[in-house]
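Enquirer: Each chain, letter by letter, is given below.
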Amino acid sequence: MKTFAEKALARAAGLPEVVAGQIVDAQPDVALSHDNTAPISRTFYSLGIQKVRYPERLAFTMDHAVPAPTTAHAQNHVDTRRFAAEQGVTNVFEVGRGICHQVLSEEAIVLPGQTILGADSHTPHFGWLGAFGAGVGRSEMAAIWATGELWLRVPESMRIQVDGAWPEGVTSKDFCLKVIGDLGADGGLYFSVEFHGPAIGALSIDSRMVIPNMMAEMGAKNAYLPPDDVTFDYLAPRRARRTGRSDIAAGREEIVAGALYPDDGATYAATYRYDVSSLEPMLALPHRVDKVAPVSQVRGTRVQQAFVGTCTNGRLEDLEAAARVVRGKRVAAGTRLLVIPASSEVYLAALRSGAIEALVEAGASIGTPGCGPCMGNHMGIPAPHEVTISSANRNFQGRMGTRDAEIYLANPAVVAATAIAGYIIDPRELE
Amino acid sequence: MILRGRAWKYGDDVNTDVIFPGKYTYNVNDPNEMAKHALEDLDPTFAGRVQPGDIVVGGKNWGNGSSREQAVVALRAAGVTAVIAVSIARIYFRNAVNNGLLPVICPDAVAAIQPGETVEIDTERHVVRCVAGEFDFPPLSPSINAILAAGGLIPMLKAKLAAEAAS
Ligand code: SF4
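If you read the sequences in order, they're chains A and B. Each residue of the first sequence is one higher than the one before, starting from 1 at the first, in the working numbering. Each residue of the second sequence is one higher than the one before, starting from 1001 at the first, in the working numbering.
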């Protein structure tokens, strides 16, 4: 009786079976790096070898500081492009294509049951499609490039059963904040966190991606949602497009065959149950993701900057939710609304759907797809003592560039409503 | 091996954004420069006063947040040899091992150590010594010890690749 993590890492390590606690040498199917590719490449060359072992498994995005805000950042991108050319890496996504986790999802580069290791702490993201995704450090990424493998400890698993119907105005982001608030920022430390239940299956792809992404904030090694027809229908045509394959149905069957599900009776170190029908919109308060409160409790807090974007909540559904709130209204004086689509695909779709138009008409400024100010690089750094409300995943002190600013985290509709009111408010009040 | 140094003691959930701010991650590449920003947003006095051999003591979930390895490299370059904590976030733990910063999980020692006192870590006997007494900590696995003994993942890999090339 095996958990998802035990099955996935057995596959990645080429072993018949593994158990939680075991250390294995795993071969990731995909190795992700972003703007940190250039420094990793310097570590790689310092090893004294010339060639990446499996260049086809690498994927690079330029997303963390795009378009380059300084010459140092621009040089970094130049070095990344040069390294890709030297090594024959073709999965390279340029400035403006979008954020690594979103782009690799859209491109169906990772499939259910596969393992992706990323030099980025939100690599658990890929659990949305039933892949094993974990973050690693830069040196480890250089080692993966050199050898194709890395030591991993097979994690213990936690099972979260999610029941109930989603109330109007409550999103998967609110659910995640609730769980992290309950279990704490170390509540899932070293764990594989599995989500099961009808409330998960009822979610759209956009909403699903939020959950494993946020689990990084609970210390999880990886997270997992069981892939279903919604997952396969999303991935199959994208994979076919990417690989130039015309027979989508046959490709879909292969994707389905690769999916992994935990056995009934697998061993879980902890089990929790949630009913989403009693949830309300939530916030994480400065400066901790596990310091959460219902929006109703913090209503009225003045905000200078509202930011909709990031790999957590910068997708079409999120932009449309924000657009619905602001349509026909104006951003409050003294507050600015910043919207950054998670990818060029999201950007185009939001242009076509009219969401961008509604946002700009309301006074929003739209940024180039990428991470924007999420980690304090550029394009929306708050001033000291300013308050930001953001749809991101992390609100640590100094995260957006200055230690004297405060960051609240919320779902995109709450962020947009706050921009309109100028203070924190439940969007259901604005209607 | 015995590591001996002054203790810099901090609280729970110290994250990588305060150990090494994100705004420096793509423009500060030299470890000695990184050391100047170590713990900048948590303890602005640290970088100026830390001495080689010093030991950082943290609460639970030390180093949570970003995967940035600079949060380890900055401390190493500042001369810190070990982190003693109640628990350590998983990527930080890996980065520590991979850069030769000894991670010690020892809640009892964390509770006992006073800021600024001299602390000893005996890696063979798996004990932390401080004024208040001696505290055992669980040994690391052989594969992790091998990486630490080599001085980190990259030095280990270099040695391995060189040996393969020679054979
Ligand atoms: S959007 Fe933020 S959390 Fe996501 S990859 Fe970029 S910096 Fe990291």
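Source of the hints: derived by calculation from the structure; they are not laboratory data. Built from N, CA and C at the ideal position, the CB exists for glycine as well. There may be inaccurate statements among the hints.
No farther apart than 30 Å at their CA atoms in a straight line, the calculated lysine-lysine pairs in the BS3-like style are these [what the hints assert, rightly or not]:
no., chain 1, residue 1, chain 2, residue 2
1, B, Lys1036, B, Lys1009
2, A, Lys178, A, Lys291
3, B, Lys1160, A, Lys291
4, B, Lys1009, B, Lys1160
5, B, Lys1009, A, Lys51
6, A, Lys7, A, Lys178
7, B, Lys1158, A, Lys51
In silico contact screen, one side only, chain A against chain B (beta carbon under 8 Å); selected entries [to be verified]:
no., residue
8, Ser121
9, Val136
10, Lys221
11, Gly376
Computed footprint of chain A on chain B; a stretch qualifies when at least three of its residues, placed anywhere within it, have a C-beta under 8 Å from a C-beta of chain A [claimed, not checked]:
no., region
12, 1006-1018
13, 1091-1103
Enquirer: Taking the hints in turn, state whether each one holds.
Expert: Now for the hints, and whether the structure bears them out:
Of the supplied pair hints, the one linking Lys1036 of chain B and Lys1009 of chain B holds, its CA atoms being roughly 19 Å apart against a limit of 30 Å. Distance check on the hinted pair: Lys178 of chain A and Lys291 of chain A sit about 10 Å apart at the alpha-carbon level, within 30 Å; holds. For the given pair, Lys1160 of chain B sits about 45 Å from Lys291 of chain A by alpha-carbon distance, which is inconsistent with the 30 Å threshold. Of the supplied pair hints, the one linking Lys1009 of chain B and Lys1160 of chain B is violated, its CA atoms being roughly 37 Å apart against a limit of 30 Å.
Simply put, Lys1009 of chain B and Lys51 of chain A have alpha-carbon atoms about 43 Å apart, too far for the 30 Å limit, and the pair is violated. Simply put, Lys7 of chain A and Lys178 of chain A have alpha-carbon atoms about 29 Å apart, close enough for the 30 Å limit, and the pair holds. Restraint check: the Cα-Cα separation between Lys1158 of chain B and Lys51 of chain A comes to about 14 Å, which is no more than 30 Å; the hinted pair holds. For Ser121 of chain A, the shortest C-beta to C-beta distance to chain B is roughly 4 Å, which falls under 8 Å, so the interface hint holds.
The beta carbon of Val136 of chain A is positioned within 8 Å of a beta carbon in chain B (closest approach about 7 Å), and the interface hint is therefore held. Below 8 Å, beta-carbon pairs count as interface contacts, and Lys221 of chain A has one with chain B at about 6 Å; its hint therefore holds. Annotation: Gly376 of chain A was flagged as interfacial toward chain B, and the flag holds, the nearest CB pair being 4 Å apart, inside 8 Å. With 4 residues carrying a beta carbon less than 8 Å from a beta carbon of chain A, the region 1006-1018 of chain B meets the three-residue requirement, and the given coverage holds.
With 5 residues having a beta carbon nearer than 8 Å to a beta carbon of chain A, the region 1091-1103 of chain B meets the requirement of three or more and the stated coverage holds.
Checked against the numbered hints given earlier, this structure breaks hints 3, 4, 5; the rest are met.
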